[in-house]
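> These are the residues of each chain, in order.
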Amino acid sequence: MSKKLVNAIADMKEEEALNIAKKMVEDGSDPTAIVDAAREAMDIVGQRYEKGEYFLPELMLAGEMMAQITEMIKPELAKMPEVKRFGKVLIGTVEGDIHDIGKNIVTFMLDVNGFEVLDLGVDVPPQKFVETIKKFKPQVIALSGFLTLAFDAMKETVGAIEAAGLRDDVQIMVGGGQVNEEISKYAGADAYGKDAMAGVTLAKKWTGAK
Amino acid sequence: MRIIGEKINGTRQRVAQAIEERDSAFIQDLAAKQAEAGVAWLDVNAGTRQDKEPDDLIWLVETIQSTVDVPLCLDSANPQALVAAIQVVEQTPMINSISGEPQRLEGILPLVAEHGCPTIALAMDDAGIPETCEERMEVVRKLMETARAHGVPDDDMYIDPLAMTLATNTDSALITLDTMHAIRQEYPETHLIMGLSNISFGLPARSYINRAFLILALAAGLDSAILDPLDRELRAALVTARLILGQDRHCLGYTRAYRAGLFNGMESNS
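Chains as they are written, first to last, in the working numbering: chain A, 1 to 210; chain B, 1 to 270.
One chain only, chain A, in its complex shape:
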């Protein structure tokens, strides 16, 4: 049953995947098995994306299926033990910018590569990052932005993290739209990631993950 779920998600058969997941829940399957199957499928989707077999629409659909399945098993999920993760990444689109496509791809790829990712969404004020760093304690911060005004917002966010005395606890990467090495330096970040895989590579390097 769970092998079928893996294949249905990985092959973009949304209706079939949701039906299988629903049936598994009704039959009283271990929610861990459902989550593991979904995660295995996401891993396959991520690999197919990297190989150029899948594209942005497939990532979006996979994310939607994952969200719906998670919703289905939510009551059971709370009882589950934590999955071992490489490290924590806090991600968000900086204040004043509402673009999220690139950020969502990075979140997806970090997640399938074994990171615990907390996504603050779009138009995130610097103070929101600071407060969440205190609670969530991530090793890595990923700031996304598409508009040129995001450059200054990135700089302000890094500045706010510094002012809160948290700068030495985290590594910061920036990316999206017109962002490049120069902007990374301008914002006071540690590195620029040109695409989702570059982000994963940075996060692995910074957390010592293999």
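Don't read these hints as lab results, they were simulated from the structure.
Not one of these hints is a red herring.
With a straight-line Cα cutoff of 20 Å, these simulated DMTMM-like cross-link-like pairs (lysine to aspartate or glutamate) come out:
#1 A:K23 x A:E64
#2 B:K52 x A:E181
#3 A:K155 x B:D126
Chain B: place on chain A using the hints.
Leaving out everything else, chain B in the frame of chain A:
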């Protein structure tokens, strides 16, 4: 139909390198090839080296002007860089671009009015790119009102309705085309312009998507575009679509393109 050649853009890695190394030959070659392809303007974007942008842009302008006499389209969101570059251009440049973002609107519009520049105006503001046609029209109305208040003639306004990728919203091209129809209705004297390639972001075989979209946009009233003028397939599609849309008197644009060899080597040219 007016084409703005997109190739001299510092966000492309090879061009950024040429700018940094002051490689005039590379830039002049790009300029000459696009001029030969018959562009109305050459887009000039110095990239995002923030503090260096004014100097880089001036260098690009002077380097290009010494080879070709096509008017330039100064591409920057930075008012300082534009002010600097306007001092050295030989012909009235197009400005790329203003938008509803206050910094770009208030910083750049006075410059446009003073120098009588044709200007690209993006249908977005500091809240980003609006999702719906109606919201984009609100931004366009605000832009037009401000431009008119500065005395910019409608005929100098090149409005870009903006296209988001189909990969995340399969209605996004329809929203763009609807917005174009609405702009044509309300502001018939303005021009409609577009950068084509965003529509296909995140998808494979992008040139097919870009080409089909260009043709549909032409039917919706597009009369200028920022594109790669060296892309023969795209130019062939453009020439053909204009013929079909009744924009090519006596079919001369089409037959001249044929005689000039535009269709040579393509599969179905018999």
